[in-house]
Amino acid sequence: MTEAAKTVTPEQQLDLYRYMLLDRIVEETMTKLFRQNKIVGGLYSSLGQEAISVGTTYALEQRDWIAPMIRNIGGLLVKGVRPRDIFTQHMARYTSPTLGKDGTSHFGDLKNLHIVSPISMLGDLIPVMTGVAMAGRYLGQNIVTLTWIGDGGTSTGAFHEGLNLAAQQRASLVLVIENNQWAYSTPVSRQVPIEHLADRAKAYGCRAFIVDGNDVEAVFTTAREAVRLCRAGQGPVVIEAKTMRMRGHAQHDPAEYVPKEMFDYWKQRDPIESYERKLVAAGVLTGKIKKEILDAINAVIEEDRAFAENSPFPPPELAETPVYHEGPLPIEPQWKRPVAEVTPPRSSVKSEWNVSGDGDFQADAIEPATSKSPGDAAASVGARHGVPHKSAADPLKNATPKRNGAGRASAKRASKPAVRSRGRK
Amino acid sequence: MAQTTLLEAIRQALFEEMERDPAVVCIGEDIGVYGGAFKVTAGLLERFGWERVIDTPISETAIIGAACGMSYLGLRPVCELQFVDFIACCFNQLTNFVAKSFYLWGAPVPMVVRAPSGGGVHGGPFHSQNPEMYFAHTPGLKVVYPSTPYDAKGLMKSAIRDNNPVLFFEHKALYRRIKDEIPESEYTVPLGKAAMRREGRDLTIATYAAMTHTSLEAAAELAKEGIEVEVLDLRTIQPLDTDAILDSVKKTNRLLIVHEDTRFGGVAGEIAAVVFENAFDDLDAPVRRVTSLDTPVPYSPPLEERFLPQVYDIVAAARELARY
Ligand SMILES: Cc1ncc(C[n+]2csc(CCOP(=O)(O)OP(=O)(O)O)c2C)c(N)n1
Ligand SMILES: [Mg+2]
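Those protein sequences? They're chains S and C, same order as listed.
FYI, this note's numbering numbers position 83 of the first sequence as 83, with every residue one higher than the one before it.
FYI, this note's numbering numbers position 227 of the second sequence as 1227, with every residue one higher than the one before it.
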């Protein structure tokens, strides 16, 4: 990335700080509510990971789409969800976005905020958000879709099918892998035999960045670059954010299986505290500004918490509402390109493949893992995570095969059959 | 009016709906240049282009997931699964993501999943199944299973225009075997309405898909013995036209349910329960079922013949019921 691409204005800095703080206070409030038995079911925490949800979502525009996982309340807040919706969801109240039919961050908004509701099954959002991106391109909307997956979730079939389809389609999907070292009780090293989950991207021929997930500016500027690439038709982009889950899997889990030193190590790298120090040193954040921010947050939290606590549970008969939709769709297709482009006669094409090469190759001249996405080589972002990882790298760059002449060229040709008309530039 | 196969009828429906509405796109494996494993989508790519006829990797989960995502922006994707047996690979996307979307957070999923299904062509255990009940059992999904070209075309149009996810089963043994005269003018067939294929006074056979034709053959034989059978073609499993079933049972007082799906948990059990709950007093005999065996679909022709309900199975069961 160029220096310009790394620039963050003081206004943006304060926004990033404010949203991380809001996220943390919303979740702390829910922890208190949980201890008072006011949360229905489990409660997940994104403590220590706030920079990832906030920094990535902050790189989007209003027209773009997100789909949250369990630790992405920060993303919802940046997208414009009010804390009251998060409280009422977790408290199963009638006033919640799903009226009490589902909990946690399982809610969406097709019309205004552009949020797709997740389901619990890990990985399933990846193909869905690929589809949203494909439809956005088809309609000419030039939107980007963003979703997250944990280190554990990268082992699901849906992750692989989804990322492959996204890459094959060049879908404008930003996929953020939150590598928080643990999947429930299992460490990353027992989930996958590779060091960097971003390395998965090169097998699918898409770009990847590795970033320090506790450095909100690094996350934001990397995501902004990923969004730019997607908007330019060079998606999808994978971002692996290295971080640490600072609580158990959920409230019920004391996480005794995590070595104490690991918590100690990451406690020094709290994303909010370290950012606060940085902004104070830069003169962007003063005691006065901090107080204003906190007062504003606490006022909203107080009002929304009270609203949620005073909200009724849904009437039992609500369970019987229909599972089928009668009436018009909530959103009709919003065409941002001439429909004539996709209707006959202009849509008509010659129905044949344009396959380049005959599949010829020279086995001894090929190195494995040579998939490479078209276009410019991706920029790499140095991660400043602390666990003993090697220096961060652009996996695509690592994967570039040796330039050893004809063998490589023909192998590359054989591995990438081209379609004559993909229907887009 | 021309004689049209069931396969061609479905192709016409896709063609006409894509012509009518640019929100309709097709997505699946080998559906573009090749025109689909059974050629149902032949010619669509040529007319509607690469953006609307989307060849995918072999990734059923990704196909269903992507279609669901497309539908959130108002598109009406029609997915093809190469054989319905592969629907097991995207069970989660269909039953957990697609089916629950509207109820849980008010996001309808107007998509169609069409797939060749059914046995009788010696496709073996992985290319012959009838997995409709997994999905009919899932609240939020609709399940259509036509038996005639006229219905297939009209139901496909309704399915595409429906604002809910519809699974559309296409019996591969009927694709080219069954021909109809199809009107040139526009028509649709509503989901959730059964069709009376043959009237009779002695007993009702409730059935659907390929077994409609097997049942009609049986009815013709039974007529020679003086047993007049009524054959009701359900056409859609979800929603189920219980009114039509009950009306017929009230008239004939005897019910035989025939399906190609396996027995345990097949729709016959559901229909029997509906009849017991609502028309017990109208029954002059126990409800009977003729179904496939509770085994995988075996490959070798004599095994598959034994597995599938045959005309003589239906005749025997109907005879017994009529005499009861
Ligand atoms: C397909 C699937 N299998 C199992 C689970 C149960 N489960 C929920 S979260 C979780 C651990 C996820 O770990 P990771 O993906 O690293 O995310 P993190 O919790 O660390 O944010 C498991 C096993 C699930 N939700 N989905
Ligand atoms: Mg994890």
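Some clues are possibly wrong.
[Claimed, not checked] Pulled a few chain S residues facing chain C out of the computed Cβ check, cut under 8 angstroms:
(1) Thr7
(2) Phe107
(3) Ser117
(4) Thr130
(5) Leu165
(6) Asp270
(7) Val284
No wet-lab data here; the hints were simulated from the structure.
In this text the structure is predicted, and so the values were computed from the model without any measurement.
Ideal placement from N, C-alpha and C gives every residue a C-beta, glycine not left out.
So which of those numbered hints doesn't the model satisfy?
1, 6, 7
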